[in-house]
Structures are given as C-alpha cells and as structure tokens.
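Here my numbering runs 17 ahead of the position in the sequence shown, where the first position is 1.
What the hints contain is simulated information worked out from the structure, not anything from laboratory work.
Check each hint, because a few of them may be wrong.
To be verified - 30 Å max Cα-Cα, derived DSS-like pairs, lysine-lysine:
#: 1; residue 1: 152; residue 2: 84
#: 2; residue 1: 190; residue 2: 167
#: 3; residue 1: 152; residue 2: 118
#: 4; residue 1: 164; residue 2: 125
#: 5; residue 1: 125; residue 2: 66
#: 6; residue 1: 84; residue 2: 66
#: 7; residue 1: 152; residue 2: 190
#: 8; residue 1: 167; residue 2: 66
#: 9; residue 1: 125; residue 2: 152
#: 10; residue 1: 118; residue 2: 66
#: 11; residue 1: 125; residue 2: 190
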Amino acid sequence: MRRFALPLVVSALLLVLAVPASAFELRSPDVAEGATLTQAQVFSGFGCKGENVSPALTWTGAPPGTKSFALTVYDPDAPTGSGWWHWIVFDLAATTDALPKGVGQSAKLPAGARQGRNDFGTTGFGGACPPAGDKPHRYIFTIYALKVDKLEVAPDASAALVGFMINANQIGKASITARYGR
C-alpha cells in the first residue's frame with residue numbers, strides 16, 4: 018500500500034499546481050489597454066486643454082497577504098530623464114477594490130487613503146500633457162498590492178520616495194497602459 022501513496026500525493030500536488038490562481042487585474046470603463054486617453058484624462062494647463070478627471074478603476078484577484086493598496090499613474094516617455102508621475106494614491110485599505118471617476122476632486126478618497134505630490138507639484142490626479150509634436154506617450158496606471166497597512170512617508174514626500182516605498186513593500190501589481198499625444 019505504501020508504494021501507491023507516493024503517486025497519489027504527486028498527482029494531487031500536480032493538480033493543485035495546474036489550477037491557476039486568480040490573476041490580479043486592473044480594469045476601467047474609462048481607460049483601455051493600448052487605447053488613446055480621452056479629453057477627460059488630459060491635463061488642464063501647460064498648454065493642454067483637458068478636463069483633468071481621474072478615470073474610474075476597479076481591481077480583483079489581489080494576492081494573499083495584501084494589507085493595503087497603492088495606485089500610480091506614470092509616464093515613462095516624458096522628456097525629463099526620469100519620467101513623470103501623474104498620480105500617486107496610497108494607504109488604500111485592503112478592503113478597497115475600486116476608485117470612482119473623479120476621485121480626489123468630485124468624489125472623495127476612501128477613508129484613510131492619501132495622495133502624494135505629483136510632478137505638476139500638486140496632489141491629486143494630473144492628466145496627460147505631453148509636449149506638442151512629441152510622439153504619443155504611454156500612461157501606465159498601476160495598482161500595487163502591499164504587505165503593509167500604511168506607507169511610512171511624510172505628507173510632502175516626493176513621488177520618487179513614495180514609489181520607492183511602494184516597490185519595497187509590493188507583493189503584486191496589475192497595470193493598464195494607455196497612450197496620448199498632441
């Protein structure tokens with residue numbers, strides 16, 4: 018009987034490994050993978066004439082051990098040598114699974130959540146605004162699952178410092194990349 022037990026254990030283990038875990042996903046009714054951002058998500062200023070409204074976002078499939086979430090919007094194509102941070106939201110409770118359109122402006126942030134300073138020098142969503150005539154830029158919306166309840170950063174911390182703390186504490190992430198040019 019002993020020689021039959023090992024194959025059964027191995028078979029059961031292979032079955033468990035073959036069943037995929039729920040994938041961590043970020044979705045939006047306002048922003049689609051590879052699509053062009055609408056005027057709603059374009060900055061109002063710096064020569065851009067958009068509505069500067071954050072899109073609605075939802076996420077599912079967070080990894081086990083998630084204690085909080087952070088969200089960033091980053092343009093790696095900005096001609097700065099270091100990209101451009103358009104939005105940083107962190108200390109989102111682990112029970113949070115969505116942000117409504119216009120959060121931080123017309124809609125309130127979830128209790129306890131904080132926004133970091135973007136590269137426009139303000140807090141809140143700063144929409145797309147690449148230089149006129151430049152190739153379309155990528156805008157990467159990323160939700161991070163974190164292993165800590167709160168990020169230990171000062172209220173005026175730079176986007177780079179908040180990004181460092183996010184990356185030091187992440188256990189999973191999911192992204193949508195959209196484009197915009199003018």
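Hints, verified against the model:
no., hint, result
1, 152 to 84, "38 Å, violated"
2, 190 to 167, "17 Å, holds"
3, 152 to 118, "27 Å, holds"
4, 164 to 125, "25 Å, holds"
5, 125 to 66, "24 Å, holds"
6, 84 to 66, "38 Å, violated"
7, 152 to 190, "27 Å, holds"
8, 167 to 66, "35 Å, violated"
9, 125 to 152, "34 Å, violated"
10, 118 to 66, "19 Å, holds"
11, 125 to 190, "24 Å, holds"
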